[in-house]
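Residue numbers (the numbering used here), protein chains in the order written: chain A, 1 to 266; chain B, 1 to 286; chain C, 1 to 274.
Simulated from the structure, these hints should not be mistaken for lab results. Check each hint, because a few of them may be wrong.
To be verified - Listed next, the in silico BS3-like pairs over lysine-lysine satisfying Cα-Cα at most 30 angstroms (straight line):
(1) A/K77 <-> A/K131
(2) A/K140 <-> A/K120
(3) A/K116 <-> B/K47
(4) B/K191 <-> A/K131
(5) A/K140 <-> B/K191
(6) A/K120 <-> A/K131
(7) B/K191 <-> A/K77
(8) C/K120 <-> C/K86
(9) A/K120 <-> A/K77
(10) A/K116 <-> A/K131
(11) A/K116 <-> A/K77
(12) C/K119 <-> C/K86
(13) B/K47 <-> A/K120
(14) A/K116 <-> A/K140
Claimed, not checked - Stretches of chain A that chain C covers, calculated by requiring three or more beta carbons in the stretch to come under 8 angstroms of a beta carbon on chain C:
(15) 165 to 179
(16) 206 to 214
(17) 240 to 250
All residues carry an ideal CB built from backbone N, CA and C; glycine is no exception.
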Amino acid sequence: MTVLAVERLTKQFAGRDSPAVNAVSFEVQTGATVGIVGESGSGKSTLARCVAGLIRADSGSVRLNGVEVVGASPREKRIFRRDMQMVFQDPFASLSPRMTVEELVGEGILVHGLEKNSTKRRDLVVSTLEKVGLSAEHLKRYPRSFSGGQRQRIAIARAIAVRPMLLICDEPVSSLDVSVQAQVLNLLRDLHRDLDLSILFIAHDLAVVKYLCESVVVMSDGVAVEYGSREQIFDDPQHAYTQSLLRAVPVPDPSIERARRAARQQ
Amino acid sequence: MSLKIALRRPPKRRRSPLAERIALVVIALLVLLAVFGPSFAPYDPLKVDLALALLPPSPDHWFGTDMNGRDVFSRTLAGAQITLSATAFVLVVTLIIGVTVGTAAALGNRVVDEILMRITDVGLALPSIILALGFAVALGPGLLSAIIAVAATWWPGYARLVRSVVREVRHADYVEAATALGVSRWRLVRKHILPNSLDAIYVQVTLDVASVMLVISGLSFIGAGAQVPSPEWGAMIAGAAGNVTNGWWSLFFPGLAMMITAMAFNLAGDWVRVRRDPTLRDGIAR
Amino acid sequence: MLEISDLRVSYPATEGRVEVVHGVDLRLERGSRVALVGESGSGKSVTARAVLQLDQDAAYSGSIRLDGEELLGMSARRIRSIRGFKVGLVFQDPLTSLNPVMRVGWQIMQPLVIRGVDKKEARRRGVELLERLGVAEAGVRFDDYPHQFSGGMRQRVVIAIAVIAEPELLIADEPTTALDVRVQAQVLELLRDIAEERGLSVLLITHDLGIVAGFAEHVVVMRNGLVVERNDVDTLYASPSHPYTRGLLRAVPKIDGDPAQRLLSVDEIAEETQ
Numbered sequence: 001m002t003v004l005a006v007e008r009l010t011k012q013f014a015g016r017d018s019p020a021v022n023a024v025s026f027e028v029q030t031g032a033t034v035g036i037v038g039e040s041g042s043g044k045s046t047l048a049r050c051v052a053g054l055i056r057a058d059s060g061s062v063r064l065n066g067v068e069v070v071g072a073s074p075r076e077k078r079i080f081r082r083d084m085q086m087v088f089q090d091p092f093a094s095l096s097p098r099m100t101v102e103e104l105v106g107e108g109i110l111v112h113g114l115e116k117n118s119t120k121r122r123d124l125v126v127s128t129l130e131k132v133g134l135s136a137e138h139l140k141r142y143p144r145s146f147s148g149g150q151r152q153r154i155a156i157a158r159a160i161a162v163r164p165m166l167l168i169c170d171e172p173v174s175s176l177d178v179s180v181q182a183q184v185l186n187l188l189r190d191l192h193r194d195l196d197l198s199i200l201f202i203a204h205d206l207a208v209v210k211y212l213c214e215s216v217v218v219m220s221d222g223v224a225v226e227y228g229s230r231e232q233i234f235d236d237p238q239h240a241y242t243q244s245l246l247r248a249v250p251v252p253d254p255s256i257e258r259a260r261r262a263a264r265q266q
Numbered sequence: 001m002s003l004k005i006a007l008r009r010p011p012k013r014r015r016s017p018l019a020e021r022i023a024l025v026v027i028a029l030l031v032l033l034a035v036f037g038p039s040f041a042p043y044d045p046l047k048v049d050l051a052l053a054l055l056p057p058s059p060d061h062w063f064g065t066d067m068n069g070r071d072v073f074s075r076t077l078a079g080a081q082i083t084l085s086a087t088a089f090v091l092v093v094t095l096i097i098g099v100t101v102g103t104a105a106a107l108g109n110r111v112v113d114e115i116l117m118r119i120t121d122v123g124l125a126l127p128s129i130i131l132a133l134g135f136a137v138a139l140g141p142g143l144l145s146a147i148i149a150v151a152a153t154w155w156p157g158y159a160r161l162v163r164s165v166v167r168e169v170r171h172a173d174y175v176e177a178a179t180a181l182g183v184s185r186w187r188l189v190r191k192h193i194l195p196n197s198l199d200a201i202y203v204q205v206t207l208d209v210a211s212v213m214l215v216i217s218g219l220s221f222i223g224a225g226a227q228v229p230s231p232e233w234g235a236m237i238a239g240a241a242g243n244v245t246n247g248w249w250s251l252f253f254p255g256l257a258m259m260i261t262a263m264a265f266n267l268a269g270d271w272v273r274v275r276r277d278p279t280l281r282d283g284i285a286r
Numbered sequence: 001m002l003e004i005s006d007l008r009v010s011y012p013a014t015e016g017r018v019e020v021v022h023g024v025d026l027r028l029e030r031g032s033r034v035a036l037v038g039e040s041g042s043g044k045s046v047t048a049r050a051v052l053q054l055d056q057d058a059a060y061s062g063s064i065r066l067d068g069e070e071l072l073g074m075s076a077r078r079i080r081s082i083r084g085f086k087v088g089l090v091f092q093d094p095l096t097s098l099n100p101v102m103r104v105g106w107q108i109m110q111p112l113v114i115r116g117v118d119k120k121e122a123r124r125r126g127v128e129l130l131e132r133l134g135v136a137e138a139g140v141r142f143d144d145y146p147h148q149f150s151g152g153m154r155q156r157v158v159i160a161i162a163v164i165a166e167p168e169l170l171i172a173d174e175p176t177t178a179l180d181v182r183v184q185a186q187v188l189e190l191l192r193d194i195a196e197e198r199g200l201s202v203l204l205i206t207h208d209l210g211i212v213a214g215f216a217e218h219v220v221v222m223r224n225g226l227v228v229e230r231n232d233v234d235t236l237y238a239s240p241s242h243p244y245t246r247g248l249l250r251a252v253p254k255i256d257g258d259p260a261q262r263l264l265s266v267d268e269i270a271e272e273t274q
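Generate coordinates for the entire structure from the input sequences, incorporating the hints supplied.
Spelled out as structure tokens, the structure:
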């Protein structure tokens, strides 16, 4: 079943020469992980925000479970936001500094009326925290006392607490250290498997996308230049841009890098 | 993570915490005085007894008596209630109007913003003294005129401050994240935007206590505010102006009271500022 | 040519001082490329910056010898004369390391001009260098301002400034972290070519194990202010000895890796070895 269907989505900002997102189309099936990959300025972040309804798209369609997002009223948006949650890049800025972990993770549950009883809500919060590797002892603490990786877990917990169908992640690991990045990526993989969560993963790091995503959309200058399965994109890229991107990604293996450099110099 | 915490720079000037503690104690005392003070006054602050005029400080009259024979200490206590409650009243009204207008301007569309800001500009352009005199003429002189005048000229400053802070906070990542969560606009303002914007306000309010008090007292001093025989501190000084040489105590003690109040709140304001967040914008001292 | 012995660096903190580098040893032979690798908080940047004492509040102990000359304790004037002359610096963010109100060419010429080189000659050399670094129409662009360049171009300008006075050592602190992957590849390639051409020694500070594999001959791994492993690049990648290094290598997603192979975090490696 198609959880998300994006069709010819377009967005151009005032004063710019070309659209940030130019007639982009792709689909996300239930339980699938789709990666949107591109360099800076490719429009991938704008695309994510248009899909999430945070930015108003100029034209095109975004259907979440058949419901149209583009042009929806704020009230309508709030309703389908339950099914589509987002995790942002900067773990230090995306959590309100004056709210405790309990309030933050419980906010979605509260706002969408999923559990009115506050004790039961707390239990839900605790079980969600445990899913991301945190615990009840973190409930009353504020974001500032946590590390970047932990804050990202809190952000993820907040997003999955409302049991969305789709999780949109906008560069969620780019500001994290290598070892912490691995933990968060594994967490996303596990949640994807355990909760049958569909994930739309936006990143600039191709190796990360390859690890996490079964399908990939490659973006350049607002246009989706290539769209295929992981194997298709990484083993047999068709578009020149994709090929040049892959060529540029460094491999953590000195002998391979040496061979590549020798090949380049011919 | 611990490395990052450890590397945070220490505040440039380490003020002695003793000063802050004294300031807080003084403020607590002042609040107590303002509420209960007059009940402890040994004499009736308004009773005139010319036989006791201009007595210097003594065990009977700790602060002496003024030219009308009224006990200065009792009057100072009574004045605490008047001056401080007038100041508090002005600040509360100012805050309510200023925060509402500033928030509405920052969150509304351009039209709303423009309209509200132009109204604010008008408010900023009015000098409080002239306005107070105007109210004095219209409503008759008195503390009420002074209060209205000061509040009317003070709220635009807060509106401006709140507007600029909220405008920044509005674009913060966590606000966007809350929107993505499905939080309603109202809750967004109440739980995310306002709590994170009001930090700057706390600082400004503490600094303004002194300023507002001085303006109100100043207005009383020139006759546009509280009138003699009110024991409002400014009015007390006005009434005693002629007694500098032969009754300095009737000027000195109310003046001292004002000075201590101003200092205590300024120190407390500074302490609030440093404690809250070292990267906070400086409060605008007027 | 660069020898760091038992370097300790401390900074002022909310209470007293805190030591962030706890006795680091490092050797850089002439003409070699060494990568100093670590995550945030490892002390790698602090160590590199200590060479030219770039941080005012830092307190140093130990020894840093450049060509036999002891740098710690040297007068500020002497250090300044070494910067740009014997040692070139390339930093992460070209936006902040270039003066936005000065023409790019002027900034490139500076290291020469202050050493008494004739302006015409300095300009000639600057344009030549910019061309060598792959900037098209270098003669014209020489007079542009930094904001008129893209990120990758700005970084080339920074490199030009760093190498124009023919230093012997180049210290590059995360020079490509802010760049897109294709530009990153180009800039690293350039850096390597220039280093080889001029016999430059390079100390590259980074967290990215991918670029280290393609750039460095020797690798020094730091963690929490200490060196945990040092080796030549092939040995380090093929058979890392320290659990932390192993953890780092297993935690990095590889473009040629098998997605089914689970990434391991450093903690999981530590548990394994216990």
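Hint-by-hint comparison with the structure:
1. A/K77 <-> A/K131: Holds - the C-alpha atoms of A/K131 and A/K77 are around 27 angstroms apart, at most 30 angstroms.
2. A/K140 <-> A/K120: Status holds; Cα separation ~16 angstroms.
3. A/K116 <-> B/K47: The given pair, whose Cα atoms are some 62 angstroms apart, is violated under the 30 angstroms limit.
4. B/K191 <-> A/K131: holds, 26 angstroms
5. A/K140 <-> B/K191: With a Cα-Cα distance of about 16 angstroms, the restraint between A/K140 and B/K191 holds, given a limit of 30 angstroms.
6. A/K120 <-> A/K131: Roughly 17 angstroms between the alpha carbons, so the hint for A/K120 and A/K131 holds.
7. B/K191 <-> A/K77: Given that 30 angstroms is the threshold and the Cα spacing comes to 20 angstroms, the pair holds.
8. C/K120 <-> C/K86: holds, 23 angstroms
9. A/K120 <-> A/K77: Holds - the C-alpha atoms of A/K77 and A/K120 are around 26 angstroms apart, at most 30 angstroms.
10. A/K116 <-> A/K131: holds, 22 angstroms
11. A/K116 <-> A/K77: holds, 21 angstroms
12. C/K119 <-> C/K86: Since the Cα atoms of C/K119 and C/K86 sit roughly 21 angstroms apart, the hinted pair holds (cutoff 30 angstroms).
13. B/K47 <-> A/K120: violated, 65 angstroms
14. A/K116 <-> A/K140: The given pair, whose Cα atoms are some 20 angstroms apart, holds under the 30 angstroms limit.
15. 165 to 179: This one holds; 3 residues, not fewer than the three required, reach chain C with a Cβ under 8 angstroms.
16. 206 to 214: holds (count 6)
17. 240 to 250: Answer holds; 7 residues pass the 8 angstroms Cβ test.
Of the numbered hints given earlier, the model fails hints 3, 13; all others are met.
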